[in-house]
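Q: Sequence:
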Amino acid sequence: MYPPASLSGASEAVKTFDWTGHVPGFDDEPFRSTEEILQIVRGAAAEPRLLDVVIDSADALLADLGSLSRTTSFLSELLAVIRARNGPSRLILHVLSPSPLLPVLTQTRFSPSLVHVNAHPTALLTHLASAYLTPPPPLSSPEKFWRVFIPVAERHYESEKLVFGQGGEGSGGGSSCSRCSSVVRTGRGDGGAWTAPWRAGRMDRPAVESQGAPDPTQNLSFNLNLTPEQQRSRAQVPLPYAHEGKPAEQIPSSTIPAAILYDPDSADDIDDDDPDEDLDI
Numbered sequence: 001m002y003p004p005a006s007l008s009g010a011s012e013a014v015k016t017f018d019w020t021g022h023v024p025g026f027d028d029e030p031f032r033s034t035e036e037i038l039q040i041v042r043g044a045a046a047e048p049r050l051l052d053v054v055i056d057s058a059d060a061l062l063a064d065l066g067s068l069s070r071t072t073s074f075l076s077e078l079l080a081v082i083r084a085r086n087g088p089s090r091l092i093l094h095v096l097s098p099s100p101l102l103p104v105l106t107q108t109r110f111s112p113s114l115v116h117v118n119a120h121p122t123a124l125l126t127h128l129a130s131a132y133l134t135p136p137p138p139l140s141s142p143e144k145f146w147r148v149f150i151p152v153a154e155r156h157y158e159s160e161k162l163v164f165g166q167g168g169e170g171s172g173g174g175s176s177c178s179r180c181s182s183v184v185r186t187g188r189g190d191g192g193a194w195t196a197p198w199r200a201g202r203m204d205r206p207a208v209e210s211q212g213a214p215d216p217t218q219n220l221s222f223n224l225n226l227t228p229e230q231q232r233s234r235a236q237v238p239l240p241y242a243h244e245g246k247p248a249e250q251i252p253s254s255t256i257p258a259a260i261l262y263d264p265d266s267a268d269d270i271d272d273d274d275p276d277e278d279l280d281i
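Positions 1 to 281 (UniProt numbering) are the ones given, in order, by the sequence shown.
Don't read these hints as lab results, they were simulated from the structure.
Don't take every hint at face value.
[Stated by the list, open to error] Here are the simulated lysine to any residue pairs, SDA-like style, with alpha carbons at most 25 Å apart:
| # | residue 1 | residue 2 |
| --- | --- | --- |
| 1 | K15 | P100 |
| 2 | K15 | S76 |
| 3 | K15 | Q39 |
[Claimed, not checked] Estimated spans, in silico, between C-beta atoms of each pair:
| # | residue 1 | residue 2 | range |
| --- | --- | --- | --- |
| 4 | L38 | S130 | 45 to 51 Å |
| 5 | L114 | R42 | 33 to 39 Å |
| 6 | G87 | S140 | 17 to 23 Å |
| 7 | A46 | K161 | 46 to 52 Å |
| 8 | L38 | T126 | 40 to 46 Å |
| 9 | E29 | A119 | 31 to 37 Å |
| 10 | V117 | L50 | 15 to 21 Å |
| 11 | A119 | R234 | 53 to 59 Å |
Because the structure is a prediction, the values reported are computed rather than measured.
Glycine included, C-beta positions come from ideal geometry on N, C-alpha and C.
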């Protein structure tokens with residue numbers, strides 16, 4: 001889960017309800033989060049403006065209720081309340097992957113219209129660019145990038161190691177997450193689905209001033225840069241083994257016979273089995 005203060009700005013149109021302090025079994029009085037959510041949504045449903053209901057996260061709700069069936073029943077009831085209003089509305093659920101809720105939430109029985117977005121840490125893109133030399137498009141071709149990205153992204157333990165391992169940015173890092181792909185299902189009851197890539201991006205990314213890379217030739221005891229006069233002098237130096245007056249590529253190599261001639265001397269131990277006696281290649 002993300003801190004509620006990091007998900008919403010200073011806007012009157014956004015109302016945040018922080019219930020992270022209510023832990024089942026540790027409260028003096030029982031706190032029923034499902035009843036509170038339904039009551040708040042029913043009150044907001046009477047307003048004609050756009051309504052977005054965001055639950056972060058559905059896995060925490062599953063842990064509080066302690067039952068997959070109870071959680072899916074509540075989410076179905078909540079979705080029915082949101083759909084009953086006249087104005088446009090959406091239900092946005094933050095789910096960690098892998099999660100037992102994903103197979104249920106992606107079924108057409110739960111919702112005939114669905115946008116399923118897989119979010120990945122930005123450290124994964126940095127890892128692909130450094131370890132596999134495959135930066136995201138347009139720096140590399142989309143075919144090459146997705147062929148490398150998809151198998152690595154499906155191994156969730158590698159993403160966790162990049163974020164929470166040694167040298168990782170952790171859950172409170174400056175950059176949050178980057179998209180990779182989505183599954184969009186539209187229509188009511190048709191069950192059709194199609195996949196479409198989205199462009200990578202960051203949420204709440206702090207502004208960073210661009211700095212040029214340091215010159216590697218600085219602070220050296222010798223000068224690697226040549227003056228124009230030195231460059232002209234270097235161009236006039238003849239190359240070794242070059243054919244005088246003719247470039248080497250103008251002489252066809254197939255017309256020059258090649259041979260190795262060997263003349264044995266007194267230092268050779270010549271006998272009947274020695275091939276050096278009659279060597280002519």
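Q: Give me the numbers of the hints this structure contradicts, sorted from smallest to largest.
A: As far as the earlier hints go, 1, 5 and 6 are violated by this structure, in ascending order.
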